[in-house]
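Asks: Generate the whole structure from the sequences, applying the supplied hints.
Read off the chains here:
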Amino acid sequence: MESAKAVKWIRLTIASELEGATLVGQSVHAICVHLGLDETTTFGIELCVVESVTNAIRHGYKLAAGNEVTVNLAVFDTRVEVEVADEGLSMPEANVQALRQGSSVFDFDENDLDSVPEGGMGLQIIHATMDGVDYVTDGKTNRLRMVKNLPEPEALHAAV
Amino acid sequence: MRFENSTTKGLLISKVLDARVDAAVAHDLKAALLTHFQPEPQTVVLNLEAVGFVDSSGLGALVSVLKNRGNGGDLVICGATGAVASMFKLTRMDKVFRVFGTVDDAVQALGK
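Chains as they are written, first to last, in my numbering: chain P, 1 to 160; chain G, 1 to 112.
Because the hints were derived from the structure by calculation, they are not lab data. Predicted model, so just to flag it, every value in this text is computed and none were measured. Be aware that a few hints might be false.
[Stated by the list, open to error] From chain G, some residues computed to sit far from chain P (all C-beta separations above 10 Å): (1) Met1; (2) Lys9; (3) Ser14; (4) Thr35; (5) Phe37; (6) Gln38; (7) Glu40; (8) Ala83; (9) Val99; (10) Ala109.
[As the list claims (entries may be wrong)] Using 30 Å as the maximum straight-line C-alpha spacing, the simulated DSSO-like pairs for lysine-lysine come out as follows: (11) P:Lys148 x G:Lys89; (12) G:Lys67 x P:Lys62; (13) G:Lys30 x P:Lys62.
Glycine residues also receive a C-beta, built at the ideal position from the N, C-alpha and C atoms.
Replies: Written out as structure tokens, the structure is:
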């Protein structure tokens, strides 16, 4: 059984603006590259962080400026854990279920353009990309937690 | 957003010069691309070879353009590699858009 202690961790806090999602995405990408994670893992983590942060800004804060979104990224020997926290509106229960269990948003008919989604894809992208997802709220702070297992052999040890 | 536009064999080639197509630029992307379908619809080849990251907001903007392009117009994709190509595949948007490897491939297939 591995230690619960993270090998490395970092906390990033951004303003509730969509440009902040860009900034935190680029930062997470650079961190993953620095840690020696492979391209696929790096992209998956970056994508899910961007989707989560964008959701928090767009739906949690309704695009209102003057708020914060915090991303905690912890690296363990065999996995990366990411938590995206905000103090906006909590995610509706149906969306939480979609996040945990998946949704049918990509089961569209590619020959029927009207059935192709223009939005609402982020939660399914996170569900499909991450190895573990959960969402908790205490009525004030909402925390979307994601786990990405690292492939074997991973170059992480060489970078630490 | 920054684009580099050119015309070849009746096709408008629009190369995205920004490295990221995400929620921060999705609105601008949609607005810029829709201008190419007015007043007359045409075939637009969106070259993504310089783009390294696309999120669901960026893809949603492209879907919206495809839905609002008008009769006789088309929006096709080329130059998507790595994470960008993976995103199209993950979301099944590679089944919705006509996707070509390079600009030359698109011009050869669609040019007049």
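Asks: For each hint, tell me whether it holds in the structure or not.
Replies: For each hint, the structure was consulted:
1. Listed as a non-interface residue, methionine 1 of chain G keeps its Cβ farther than 10 Å from every Cβ of chain P; the least gap is roughly 12 Å.
2. Every CB of chain P is more than 10 Å from the CB of lysine 9 of chain G (nearest about 26 Å), matching its label as outside the interface.
3. Here serine 14 of chain G stays apart from chain P, with its beta-carbon at least about 20 Å from theirs, past the 10 Å limit.
4. The non-interface label for threonine 35 of chain G is consistent with chain P: the shortest C-beta to C-beta separation is roughly 19 Å, beyond 10 Å.
5. For phenylalanine 37 of chain G, the shortest C-beta to C-beta distance to chain P comes to about 15 Å, beyond the 10 Å cut-off, and the non-interface label holds.
6. Taking the minimum C-beta to C-beta distance to chain P, about 19 Å, the non-interface status of glutamine 38 of chain G holds against the 10 Å cut.
7. No beta-carbon of chain P is positioned within 10 Å of the beta-carbon of glutamate 40 of chain G; the least distance is around 20 Å.
8. With a least CB separation of 4 Å from chain P, alanine 83 of chain G falls inside the 10 Å interface cut-off, contrary to its annotation.
9. With 10 Å as the threshold on Cβ separation, the claim that valine 99 of chain G sits away from chain P holds: the shortest Cβ distance comes to roughly 12 Å.
10. The beta carbon of alanine 109 of chain G sits about 19 Å from the closest Cβ of chain P, which is more than 10 Å, so the claim that it is off the interface holds.
11. Proximity of lysine 148 of chain P to lysine 89 of chain G is assessed by CA-CA distance (about 20 Å); at most 30 Å being required, the pair is judged to hold.
12. Restraint check for lysine 67 of chain G and lysine 62 of chain P: the C-alpha separation of about 26 Å stays at or below 30 Å, so the hint holds.
13. For the hint pairing lysine 30 of chain G with lysine 62 of chain P, the CA-to-CA distance comes to about 21 Å; that is within 30 Å, so the pair holds.
Hint check: a violation occurs at hint 8 only; the rest are consistent with the structure.
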